[in-house]
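Using the sequences provided together with the hints, build the complete structure.
Protein chains: 2
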Amino acid sequence: MKAIALIGGPIDLWPQKLKEIIDKNQNEIIIGVDRGALYLLELGIIPDIAIGDFDSLKPDELLEIEKKVLDIRYSNPIKDYTDTESMLKTALIDYNVEKLQIYGATGGRLDHFLSTLFTVINPEFNKYAEKVELIDQQNKIIFYNPGSYRVPNELEYKYFGVIILNKIRKLNIKNARYDLKSYNTDFPYSFASNEFLPESKYFDLSFDKGNVAIIYSKDIKRFNNL
Amino acid sequence: MKAIALIGGPIDLWPQKLKEIIDKNQNEIIIGVDRGALYLLELGIIPDIAIGDFDSLKPDELLEIEKKVLDIRYSNPIKDYTDTESMLKTALIDYNVEKLQIYGATGGRLDHFLSTLFTVINPEFNKYAEKVELIDQQNKIIFYNPGSYRVPNELEYKYFGVIILNKIRKLNIKNARYDLKSYNTDFPYSFASNEFLPESKYFDLSFDKGNVAIIYSKDIKRFNNL
Numbered sequence: 000m001k002a003i004a005l006i007g008g009p010i011d012l013w014p015q016k017l018k019e020i021i022d023k024n025q026n027e028i029i030i031g032v033d034r035g036a037l038y039l040l041e042l043g044i045i046p047d048i049a050i051g052d053f054d055s056l057k058p059d060e061l062l063e064i065e066k067k068v069l070d071i072r073y074s075n076p077i078k079d080y081t082d083t084e085s086m087l088k089t090a091l092i093d094y095n096v097e098k099l100q101i102y103g104a105t106g107g108r109l110d111h112f113l114s115t116l117f118t119v120i121n122p123e124f125n126k127y128a129e130k131v132e133l134i135d136q137q138n139k140i141i142f143y144n145p146g147s148y149r150v151p152n153e154l155e156y157k158y159f160g161v162i163i164l165n166k167i168r169k170l171n172i173k174n175a176r177y178d179l180k181s182y183n184t185d186f187p188y189s190f191a192s193n194e195f196l197p198e199s200k201y202f203d204l205s206f207d208k209g210n211v212a213i214i215y216s217k218d219i220k221r222f223n224n225l
Numbered sequence: 000m001k002a003i004a005l006i007g008g009p010i011d012l013w014p015q016k017l018k019e020i021i022d023k024n025q026n027e028i029i030i031g032v033d034r035g036a037l038y039l040l041e042l043g044i045i046p047d048i049a050i051g052d053f054d055s056l057k058p059d060e061l062l063e064i065e066k067k068v069l070d071i072r073y074s075n076p077i078k079d080y081t082d083t084e085s086m087l088k089t090a091l092i093d094y095n096v097e098k099l100q101i102y103g104a105t106g107g108r109l110d111h112f113l114s115t116l117f118t119v120i121n122p123e124f125n126k127y128a129e130k131v132e133l134i135d136q137q138n139k140i141i142f143y144n145p146g147s148y149r150v151p152n153e154l155e156y157k158y159f160g161v162i163i164l165n166k167i168r169k170l171n172i173k174n175a176r177y178d179l180k181s182y183n184t185d186f187p188y189s190f191a192s193n194e195f196l197p198e199s200k201y202f203d204l205s206f207d208k209g210n211v212a213i214i215y216s217k218d219i220k221r222f223n224n225l
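Sequence lines, in order, name chains A and B.
Numbered by numbering that gives the first Met the number 0, the letters in the first sequence go through residues 0 to 225 in order.
Numbered by numbering that gives the first Met the number 0, the letters in the second sequence go through residues 0 to 225 in order.
To be clear, the hints were calculated from the coordinates, so they are not data collected in a lab.
Take these hints with a grain of salt, some might be off.
Where chains are identical, the list cannot tell them apart; a pair therefore holds if satisfied intra-copy or between any two copies.
What the hints assert, rightly or not - Cross-link-like lysine to aspartate or glutamate pairs, in silico, EDC-like; alpha carbons within 16 Å at most: (1) Lys-18 with Glu-194; (2) Lys-180 with Asp-207; (3) Lys-126 with Asp-93; (4) Lys-157 with Glu-194; (5) Lys-220 with Asp-11; (6) Lys-166 with Asp-207; (7) Lys-157 with Asp-54; (8) Lys-57 with Asp-218; (9) Lys-180 with Asp-79; (10) Lys-66 with Glu-155; (11) Lys-66 with Asp-47.
What follows is the structure, given as structure tokens:
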């Protein structure tokens, strides 16, 4: 089983067809996190689970969620788990899903975005990292734990970045536009704007220690007129 | 002296009054990075320095920059320094500025944003980290190296996040809504949505090892109608 979660980030950064994407996955677990639960209702989608402290919602907005969503998991603003952590826990541990696709996690307040990005690789959730994807209008982020991989070319995106999230040992990138051999660092680093070789179905990634995110991305026109 | 740099990120994430902000700083060093140089010209501002490979610009756009900007530093797409690294080097090392305010670094392609965020704390630039600010419409990011600080309350922003960027020792947050005592971790982590105490001018931050970013942030309405 798969889970799709919608967090409360800016809706103008959603992929254009988010409603269609979620509609196609009606049989999977749909989770609304905080304001994301309300956004789902506004899209005409009733989430299976709503998670959050809902403190940014007006009383009638929360009432709407309480009327329609069967499984609501209230969290406390002063708490052990953040809303995103509760969502990861629910999907990855309680439901043991094979894949968790998260929308609405980017843009807006950057402490929130980084919270989601880093939570995926923190010790409690690290072993599930390869199941998680963060997706917005022009980026898709996936995660790898140490090992050797063929990272698939996703034709929708022109670029990929290799993001070192912590102390890394023997990082190799092969069969890409910019290769890298046995790279070590104790600092996070983002190798941006790499590309797949023409007609290549994958590039080779390997490393011995640390956490890596691959960010597929593309350029899009967004209000780029002054 | 101070430097203001504009990178080529989405312009809809700029602070609303970016032109006025830069106009007020005409006597400081104005740097345009890649498409950021073109954006400055379109705002009626001639940057002192333009840095980039400019490979995303059309020939007539590049010509416009070459006609108007006196100091152009071309970088090579296959290179030792990224455009952002070249900009940091120019401002922080060559010009030894007291402060470097970077706009246009957020949003859009997230490998680019993380590249800028992480470059600030990488060994070559780390000692200058406390001079750097990344600013967009709803966030301001500043950096701290190990030590004890009073982090000033900036009234424009409601929240602050404490972002651990790498292995940290004895992190203390005091006199804030959510305090933290002698926290250690080997993983990046974002403590989001903290707040200053009412009428407080600062909170106390200290740590022995590692790198911390403070992200001031606020909620804004952005196309939030479905």
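Each hint tested on the structure:
no. : hint                 : result
1   : Lys-18 with Glu-194  : neither (30 Å within a copy, 34 Å between copies)
2   : Lys-180 with Asp-207 : within (13 Å within a copy, 33 Å between copies)
3   : Lys-126 with Asp-93  : within (14 Å within a copy, 44 Å between copies)
4   : Lys-157 with Glu-194 : within (7 Å within a copy, 39 Å between copies)
5   : Lys-220 with Asp-11  : both (13 Å within a copy, 11 Å between copies)
6   : Lys-166 with Asp-207 : within (10 Å within a copy, 18 Å between copies)
7   : Lys-157 with Asp-54  : between (39 Å within a copy, 15 Å between copies)
8   : Lys-57 with Asp-218  : between (36 Å within a copy, 15 Å between copies)
9   : Lys-180 with Asp-79  : between (40 Å within a copy, 15 Å between copies)
10  : Lys-66 with Glu-155  : neither (39 Å within a copy, 36 Å between copies)
11  : Lys-66 with Asp-47   : within (13 Å within a copy, 59 Å between copies)
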